[in-house]
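> Sequence:
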Amino acid sequence: MPEYHQSISKLAEWIQNSPNTVAFTGAGMSTESGIPDFRSDKGLWTKTDPMQVATVEAMNHRYDLFHEFYSLRIQNVQQAEPHTGHTVLAEWEKEGKLKAVATQNVDRYHHKAGSRNVYELHGSLEKIRCIDHGHPANSENFLNRTPCSKCGSLLRPGVVLFGEMLPQDTWSNALNCIQQSNLLLIIGTSLQVHPVNQLPSMAKGKVVLINRDEVSAAYAFDLVLKGSAGEILQQVNQVIKGE
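Counting the sequence shown from 1 gives a position; the numbering used here is that position plus 10.
None of these hints come from the bench; they were simulated from the model.
Treat the hints loosely; a few may be bogus.
Said to hold, decoys possible - Computed cross-link-like contacts, BS3-like style, restricted to lysine-lysine with a CA-CA straight-line distance of at most 30 Å:
hint: 1; residue 1: Lys251; residue 2: Lys20
hint: 2; residue 1: Lys216; residue 2: Lys107
hint: 3; residue 1: Lys251; residue 2: Lys214
hint: 4; residue 1: Lys137; residue 2: Lys216
hint: 5; residue 1: Lys20; residue 2: Lys160
hint: 6; residue 1: Lys107; residue 2: Lys236
hint: 7; residue 1: Lys104; residue 2: Lys137
hint: 8; residue 1: Lys214; residue 2: Lys236
hint: 9; residue 1: Lys251; residue 2: Lys236
hint: 10; residue 1: Lys137; residue 2: Lys20
Produce the complete structure using the sequences and hints provided.
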């Protein structure tokens, strides 16, 4: 696969020469850790209707179903760990090769791998709060259905549900970061969710796609690497290190 290896080498060169690189990651970044994605053949939405479980309406009127779905997601995340790809991005940040990560993922694996400048566009499963007043709680409280210790309200994970706005400060900061980047790495996302699917077109520098599956032809990428995010990032890192 000479063309594939040329693409790995080209991306390594771009990263080394870019003064401002940003990564934008989606569910495909976490599938290698064992976390199901949403829209692939085996994704969560093939088994569950998101409008039944992941909406404000479900939280308020079908809490048993809502709680069951998010309990399973939290337990999945607790049982798995970040993979090599997460570690490589954290390493690049420490070395000054990567400015930030903007992510659609809610598992906090970028943080756990060591990344510091992370914009969580869809929130976090770990940041449990009560529904009525937003008082903080923890995952154990949610899993055990322990009500809020301050007001007695039911609990929810701190993720963006269908029908809710994205966290505006996080969105604005991520957008600003991407607009200023010289190189944007889009990793493991189908780019089907609005408004985050607008981000590639906001970038003024080079845009690279790393993904297992094809993405809409509406996007013009400077480079496409098809395959496992963890393997590709590891191979690019090895080239950068001269291994």
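> Now tell me, hint by hint, if it's right for this structure.
Going through the hints against the structure:
no.	hint	in the structure
1	Lys251 to Lys20	holds, 14 Å
2	Lys216 to Lys107	holds, 15 Å
3	Lys251 to Lys214	holds, 27 Å
4	Lys137 to Lys216	violated, 34 Å
5	Lys20 to Lys160	violated, 55 Å
6	Lys107 to Lys236	holds, 22 Å
7	Lys104 to Lys137	holds, 25 Å
8	Lys214 to Lys236	holds, 23 Å
9	Lys251 to Lys236	holds, 22 Å
10	Lys137 to Lys20	violated, 39 Å
When each numbered hint is compared with the structure, violations occur for hints 4, 5, 10.
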